[in-house]
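Going down the list, the protein sequences come from chains A and B.
Take the first sequence: its position 153, counting from 1, is numbered 153 in my numbering, and each next residue is one higher.
Take the second sequence: its position 143, counting from 1, is numbered 143 in my numbering, and each next residue is one higher.
Think of the hints as simulated: they come from the structure by calculation, not from any bench.
Distance condition first, Cα-Cα at most 30 Å in a straight line; then the derived DSSO-like pairs of lysine-lysine: (1) A:K47 to A:K177; (2) A:K177 to A:K68; (3) B:K61 to B:K107; (4) A:K67 to A:K88; (5) A:K166 to B:K61; (6) B:K107 to A:K92; (7) B:K107 to B:K78; (8) B:K78 to B:K61; (9) A:K166 to B:K107; (10) B:K107 to A:K88; (11) B:K68 to B:K117; (12) A:K92 to B:K104; (13) B:K104 to A:K166.
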Amino acid sequence: MKAFNPLFMLPVAAITCPAYGIQYLSVEQAQQVLFAQATQFTENTIKLNSEQRDRIEEISDVRQRWKKQQAWKAYDGETFIGWFIVDKVIGKHEFITYATALSPQGEVLGIEIMDYRETYGGEVNEAFWKKQFIGTTKNSPLTLNEDIQNISGATLSCRNVTNGVKRLLALYEVVLK
Amino acid sequence: MTETYTTFKRMKPLLGTFVEIGMVSEQHNLDIQTIFTQTFATIEMLQNQMSFHDSDSALSKLNHAQGKWLELPPETIKVLKHAKQLYRQTDGLFNCTLGGYLVKRGKLPNHFDFSFKVNGSSEDIEIENGLVRLRAPFLVTLDGIAKGYAVDCAVETMQRQGVQSGWVNAGGDLRVFGEIEMPIYQRSNQGLSNLITLKQNALATSEVNQFNRYDQPSHIINNHGQWPDDCIISVRASKAWLADGLTKVLALLPDNQRKNIAERFDACYCTASEQPEIKHFA
Chain A
1 MKAFNPLFML
11 PVAAITCPAY
21 GIQYLSVEQA
31 QQVLFAQATQ
41 FTENTIKLNS
51 EQRDRIEEIS
61 DVRQRWKKQQ
71 AWKAYDGETF
81 IGWFIVDKVI
91 GKHEFITYAT
101 ALSPQGEVLG
111 IEIMDYRETY
121 GGEVNEAFWK
131 KQFIGTTKNS
141 PLTLNEDIQN
151 ISGATLSCRN
161 VTNGVKRLLA
171 LYEVVLK
Chain B
1 MTETYTTFKR
11 MKPLLGTFVE
21 IGMVSEQHNL
31 DIQTIFTQTF
41 ATIEMLQNQM
51 SFHDSDSALS
61 KLNHAQGKWL
71 ELPPETIKVL
81 KHAKQLYRQT
91 DGLFNCTLGG
101 YLVKRGKLPN
111 HFDFSFKVNG
121 SSEDIEIENG
131 LVRLRAPFLV
141 TLDGIAKGYA
151 VDCAVETMQR
161 QGVQSGWVNA
171 GGDLRVFGEI
181 EMPIYQRSNQ
191 GLSNLITLKQ
201 NALATSEVNQ
211 FNRYDQPSHI
221 INNHGQWPDD
231 CIISVRASKA
241 WLADGLTKVL
251 ALLPDNQRKN
261 IAERFDACYC
271 TASEQPEIKH
281 FA
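Based on the sequences and whatever the hints tell you, model everything.
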């Protein structure tokens, strides 16, 4: 039987939409990076009622859109060493999933981008696809087993992630403290 | 048979943007995790020194010193020296003393309880034996080159750890080192388009756009506080601080004078026209 190709299910516009996306870390890898000393993570999804979500917005000035927040408790043996929270922010063209590590006292221990995507609707610039690999391997002494690429352009602000972290700190105040 | 190599990449929100660090594991004895930690730490250290927004940074202390001599960290002094050098070599077009204009326009925070000038001359930044003073009450902002400098220092940190090939991209100010040839795309209103293949070089891009200048964290103005015409300009140079600084200089110049200035620094530049696929590297 032929393998099912999910691309056939997508409308044409979605296939040709120029996009740039990289997965940096899976949940497990991000946990390892942010809590290297942890021996165990227990999943602890945080459910928020509308009152709590309003309170979070009041404190942080950022709307808590999700009713559920993916979170884990990190332990070193028996000792609780902090919260590992996965969050998403959506900008004009960016879709970012990131992880934040909070200490038991609610201090930010670290932030890691897990998944970064830029998508452009509107005009499709075919050159992006056609010219993508020209000159990358022909004279290059290194053959990479994954294609690397990068974007230059007017600097994108990381304010959306900074605001996301502000929101998570308010969430800590409201439900985790 | 050609051997293949694996790349390792990580990204963090730093320097007001997203910073990606990547490396190729051509050696098996490298401690990838430690290299990432140390490289990001280098960038964070420079951010803490040279942030205008942070009122505790070394740069803010200089702006608050009101003419007194101040001991500053060697990295901040290095960037101030680069800024002065660019000022001289671009006939004053690159000017890091325009912080006052940006504060007055709400682009940079106002944490000053004294009156300051909106502009000045980089010649009035005096540097002697690790000490710095401002001879006039202007405000220094290093946003024009500090991000590029942080990229250069991050590359050096990786190289010191034994990484032979890799890259650092701080929101579009990027440098590629070693044997990698990296295709770079340029982001514009029309989307992404192929720009250049970069090897052992740095590239920076700046955009002047009257419609979204309020959304962008960076801001290019001339010595009188005026905006240049709309353009997207990318500069390739040996170092990221230089590429970063030159995008501002070239954006301020009419097209027929850009080539001359770029050649002074052994750099080349590219401006995007209305059609994103038509680009000219000079």
